[in-house]
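Once you've looked at the hints, dock chain B against the given chain A.
For the record, the sequence lines run as chains A and B.
Yeah, the first sequence ends on 790 if you go by the working numbering, and it's all consecutive.
Yeah, the second sequence ends on 1218 if you go by the working numbering, and it's all consecutive.
Errors might be hidden in some of the hints.
[Said to hold, decoys possible] With a straight-line cut-off of 20 angstroms between C-alpha atoms, the simulated PhoX-like cross-links for lysine-lysine are:
{"id": "1", "chain 1": "A", "residue 1": "Lys-762", "chain 2": "A", "residue 2": "Lys-785"}
{"id": "2", "chain 1": "A", "residue 1": "Lys-510", "chain 2": "A", "residue 2": "Lys-382"}
{"id": "3", "chain 1": "B", "residue 1": "Lys-723", "chain 2": "A", "residue 2": "Lys-690"}
{"id": "4", "chain 1": "A", "residue 1": "Lys-721", "chain 2": "A", "residue 2": "Lys-732"}
{"id": "5", "chain 1": "A", "residue 1": "Lys-690", "chain 2": "B", "residue 2": "Lys-729"}
{"id": "6", "chain 1": "A", "residue 1": "Lys-687", "chain 2": "B", "residue 2": "Lys-723"}
{"id": "7", "chain 1": "B", "residue 1": "Lys-1216", "chain 2": "B", "residue 2": "Lys-955"}
{"id": "8", "chain 1": "B", "residue 1": "Lys-729", "chain 2": "A", "residue 2": "Lys-687"}
Quick caveat, the hints were computed from the structure, so don't treat them as lab data.
Here is how the chains run, residue by residue.
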Amino acid sequence: MQHIRAHVLVCAGTGCKSAGSKEVELAFQREIKAQGLADEVMVVETGCHGFCEYGPLVIVYPEGTFYSRVTAEDVPEIVESHLLKGRMVERLLYHEPMTHEMIPKYSDINFYKKQHRLVLAHCGTINPEQIEEYIAVGGYEGLGKALTLMTPEEVVEEVKKSGLRGRGGGGFPTGLKWSFAKQSVNDKKYVICNADEGDPGAFMDRSVLEGDPHKILEGMAICGYAIGADEGYIYVRAEYPLAIKRLRVAIEQAEAMGFLGENIFSSGFNFQIHIKEGAGAFVCGEETALMASIEGKRGMPRPRPPFPAVSGLWGKPTNINNVETFANVPQIIVNGADWYCQFGTEKSKGTKVFALTGKINNTGLAEVPMGITMREIIYDIGGGINNGKKFKAVQIGGPSGGCLPEELLDLPIDYDSLTAVGAMMGSGGLVVMDEDTCMVDVAKFFLNFTQSESCGKCTPCREGTKRMLEILTRITEGQGREGDIELLENMAKNIKETALCGLGQTAPNPVLSTLKYFRNEYEAHIKEKRCPAGVCEKMAVYTITDKCKGCGLCAKTCPVKAISGTLKQQHVIDQAICIKCGACMSVCPFKAITKG
Amino acid sequence: MDMVTLTINGQTVKAKKTSTVLEAARAAGIYIPTLCYHPELSHEGACRLCVVEASGARTLVASCVYPVAEGMIVETNTPKVREARKLVVELLLANHPKDCLSCQKSMDCELQTIAAELGVRKIRFAGGEMKAHTIDAGNPSLVRDQEKCILCGRCIRACSEIQGMDVYSFAGRGFHTIVSTAFEQGLEKVACTYCGQCASVCPTAAIVEKDDTDKAWAALADKTKHVVVQTAPSVRVALGEELGIPVGEIVTGKMVAALRRLGFDKVFDTNFSADLTIMEEGHEFIDRLTNGGVLPMITSCSPGWVNMIELKYPELLPHLSTAKSPQQMFGAVAKTYYAERAGIDAKDIVSVSIMPCTAKKAEAVRPEMNSSGYQDVDIVLTTRELGRMIREFGLDFASLPEEDFDSPLGKSTGASVIFGTTGGVMEAALRTVADVVTGQNLQQIEYKAVRGMETVREATLKIGDSEVKVAVVHTLKAAKAMMERVKKGETEYKFIEVMACPGGCIGGGGQPVPVDADVRRARRDALFTCDEACSLRKSHENPEIIELYSTWLGKPLGEKAHHLLHTKYNQQKRN
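Looking at chain A on its own, in the form it has when it is part of the complex (with noise of 0.2 angstroms):
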C-alpha cells in the first residue's frame, strides 16, 4: 500500500486560478514527478481558502506550512527544499503586514486566528471534485440523519431552533420560512438556491459553491425534505463557470451515490436538483425576479403577497434560500440546533461569511462568529489600513448598505445592531475606506449601481434613483444647491416607502448613512464647493506652492495653458482655465503642486 506522506494544497479557486494556481499544480505534479516522490506526496486542488489577496495559495501537510503568492518557478525549490530536504522555503511565506512577522503556519495567521469556520469550513481543504473527499469530512450525514431518524416536522423544528437567518440580506427566520412553504398544500413544491451574487466585490457564495458544493445540495435536499419538495433549482450567475462546473459534477456523483435521486436512503424521498445560469442581472437576487427568470421570463420582481411559500415559481408553493443559509444547514441537523447556538448573539446565531475589501492589508473571505466587532474584523482580521492611512468608514451590506463610520468600530456585528445604525447586512459585502475617501463620491458610487440594475418597473426606484443620482453628480461637480440635501432626505424617505421591491427600498440607504454620519462633507461640497478628500476632480483646486524652481514643465504640459510663469519663478495656474486634469502635478519634478 502507498503511504502519502504529505499533501499538497493547491488552491482552485477562481481568484487563485486567474493568479495562475493551474501552472503552480501542474509544475508540482511535475516537479514530484521527476523527484521521484509520486508515491508518497500527493497534489490536492482545493476550493478558496479566501486570503485570495496572497493567491495563489499553496499549504503543506502535515506540517500546515503556509506559502503565499506561489509561482510556477518556485515549485522546483518547494519540492527541493521542502518536500525533500524538509527546509521551509521563506521567501514565500506569509508576513503580517504591521509587524512583518514571519508566520510559517496556516492556522497561526491572524486573517484564520480570529475566524471561525463552519460554513467555509472544508473550503481550501477537500476537494471539491470528489464526493468521497466531502463524505470522509462528515458529509451527507445530515441528510442521512434527515431522512431516517428524523419526521419532516422534527427537521424544521430544529433549524427554528437553530436560530439561523436567511444569509442573503434580509435576515428572516430560516426554520420559520420553511415552516410557511411545509403548511402550503400542493403536490409539487420547489427548493430555490439563490446563488446569483452581485454585490460589487463579494464572493461568498461563489466560493462556497466552488469549494463545497456538495454542501449545498446536502442543505438544498434537507430542505427538500422537510418542506415535501422533490424538485430544486439552483440560480447561479453564469460569470461563474467554476461554480456551475463543480456544481455540475457533483450533482452528478450525488446521484451516483444516491444522494440525489429517486428513494434517497431507502427513505421514499426523492429529490432532484438542476442549474439554472443567471444572465447577470443584479435584481434577479430579488427573489420574485429570480424566479420569473427561472421561468424563462424577465426578471423583474412583482409584489408581495403572494409570497413564494405560497405562490413561488410557476405558482407552486416554493423555498427560496441563499448559498451561506443552506450550507449552514447539514451541521444543524448533525450537531444539533444546542451546539449551532453557541456561536452568535441572542438573536443572529452562528456565523457570518464577509467580503472583506477596500483599504485594508488582507482582503478575502473572513468567516466569523455574529457578535464580532468591526473593530476585529478590520484590524486583526484585516490587518488594518493599508499604507498606514486613517480610517474613515467602512460599508457594509452591498449597495443596498450603509456606510459606518469610526465612532461605530465597536458595534457588535449582527442583524439587528446594523438595521439600527442605517446599514444592513446584506450578503456580506465589507468594503473599508481611508481618510482619502469622500462619502459624497462612496454614496453616488453606489446609487449608480443600483440605478443602473433597477429593473425599471416601479416608478420611485427607475425615476427616483435618477434623480437623487444627479443631484449627488452636481453636488460633486460643484454645482450642489442650497436645499439638495433636504431634498435628497424626501426623496430617500419617499423611495423607502413606496419602492416595489427589496433592491429600491433599499437603494437610498447609502446616501441617508452617509447624510447621517458625514453631514459635513455634503455640506463642504455644497456651501463651500469643496470636497475635503480632494476626490472630486471638478472641484480640485490645483496650486503651485513655493517649492517651484520655475522650470516650466508645468506650464509646457498644461492642455488648455492655464499655468503662466517666467524660468526660475514660481508659476501660476489660472484657476479659470484650468480643467483639473492634473497633468502638472504628475509632471512637477519638485512635488510643487498642491491639489486641494
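Quick look at chain B alone, frame taken from chain A:
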C-alpha cells in the same frame, strides 16, 4: 363568498376575501388614484401611485395588489400618502415631454388628469436627463412616442393577456428601461395586427391612432372633390362619449347632422354595405355548404383578425370568407355604382370612413383594395378622430337635430347594425341564410344563442332540415386558441365569426376611452336597441340592396360582385 371586514379611512367596509384594498375602497366609494392599474388586466403594482397606509405593513403598500384582511386598517389620504403620491407624479412628469397643450391626448390623458388632481405644481428635477427616442410611425394605424411612455406596462399586458400577440415587452434597465417590440423594430416589422388595444389602454399619448384628420380637412376644403363618408355600425353608439353624452346613447341622427355640417357632400352608412356583405358572405356560406367548399368558413370583416390569420395561421386562409369587409365593399361600390349614378368621375370622389378601428386604416391601403380603379377608401378616421373634428369645428353636438343618411348608400336593416358587436355578423348572416335556404320569410329573426360576451360561444342551429354548428369568438387570444382547434380538426363548426377586439367593434381600438366591460355592454345594448327599432331586420330585405343587385350588380357571387366585393388573402411574413 368569504367576506372580511376592514376599516378604510375610518369607514367600515366589507369586501370579498380575495379582493385587493383598491377594489374594496372603490366599491365603498373611496377614490384612490391609479395609473398602471387597469380593471381588465393583471395587476402589477408598478407605478406606486395607489399607495396607502395599511396596518401591519412595514412600508406604504400598493393598494391595487395588496390583499384585504380581516380587521385591516387602511388610510388612503394621510399627509405621508399624499406626499409619496405627489413625488411619484412629479418623477413621471420630470421625464415626460411638456407639450401637453398641443398633445393629441390633451384632456384625455390620465397622467395630466392625475397631476391636476394631486395638485402637482412644481417639478423639482427640471433640467435633468429625459428619455430620447424616435417616433415609430412606419405603419398606417398607430404611432408610438416612447418619450411619452410612463412604463405602466398596460400595452404589454393588453397585447399579451387580451390579444395573445405579445408584441411588446420591457427591455433595458434602470432609467433606460423601455417598452420595446422585438429588437425595437417598427410595428410594421413585427407581428402587430394594428388592433389598437394598446392605444386603447395607454394612459398617455405614448401609443395613439395615426391622426388623419388633417387629410380629411384638406379633402373637405378642396372644392374639386366630392367627399363621401360612411359610418361604421358601432360608431353611432360610442361617438357621444367623445362629446359629453352619456355612455350607451344612440347618436346616429346627430352624427349624420354633424358630418353634413363638417362639409361632407354625402353622408352614407357602412350599415348599407354591411347588408351587402351579408348578401355575399351568406351566399358564399351556402355555396360552401352545398358544394363541398372549405369549412368551417370564417368571417373576414375584422382587419385585425385578418392580419392575425395572415401572420400566424396562413395555412388556414382558405377558411376565410372571400367577401370584403363592409368598409371595403362600400369603398368599391361608392367609386363605381354611386359614381355612375351620380354622374361623378370616380377620380373626383374622396371616400372617407368613420371606424371604431385602427386596423381599418391599414386595411384601406392594402394593395388589393382598389377594385374601383382607385384606392377604394381614401381616408379612415376613428371614432376618436371624428370626435376631435366635431370639437374643432365648434359644433354643439348635443343640440344638433337628428338627420337621415343620404341615398343610395344610406339605407340599412337591423341585421347590419349588430355587425358592431361580437356575434352580430353571425346573427345577421343566419337571418339571411335561413331565409335563402328554406326559401321562406321566416318568423325567427333573433338568434340569441350566439349573443353574449364570453370570448368563445358556440351554438347548434336548425337551418331548414339540417343542423349547423357555429361558433363566435372575440379577442385574438381566443381566436388563436380556436385556430389551434381548427388546425387539429377538432371542431365540427361550419361557420365561425371572429372579431379581433373584446366585444367586437364596440370595443375597437379606435373607440373613445376609457373603456371597460360595463362601457362595452352599454354600447352593445344600444346596438340591439337600434336593431329592434328597425322595421327591416334582414339584410336581403334592404330595398337599396335589392335595387343595387337588380339594376347593376346582378347576382350575389356573380361576376361583377366577384370582381368588386371579394378579395383574397396572403401570408404576411414579418420578422
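For A:Lys-762 and A:Lys-785, compute the direct alpha-carbon distance and say whether it is at most 20 angstroms.
holds (15 angstroms)
When you check the alpha-carbon spacing of A:Lys-510 and A:Lys-382, does it fall within 20 angstroms?
holds (6 angstroms)
For the pair supplied as a hint, A:Lys-721 and A:Lys-732, confirm whether the alpha-carbon distance does not exceed 20 angstroms.
Given that 20 angstroms is the threshold and the Cα spacing comes to 15 angstroms, the pair holds.
Take the C-alpha atoms of A:Lys-687 and B:Lys-723, compute the straight-line distance between them, and say whether it is at most 20 angstroms.
This hinted pair holds, its Cα atoms lying about 10 angstroms apart.
Would the pair B:Lys-729 and A:Lys-687 pass a check requiring their Cα atoms to be no farther apart than 20 angstroms?
holds (13 angstroms)
Holds or violated: B:Lys-1216 to B:Lys-955, with C-alpha atoms at most 20 angstroms apart
holds (9 angstroms)
Going straight from one Cα to the other, do A:Lys-690 and B:Lys-729 come out at no more than 20 angstroms?
holds (15 angstroms)
Hint check: B:Lys-723 vs A:Lys-690, CA-CA at most 20 angstroms. Holds or violated?
Judged against 20 angstroms, a Cα distance of about 12 angstroms means the pair holds.
Consistency note: the structure conflicts with none of the earlier hints.
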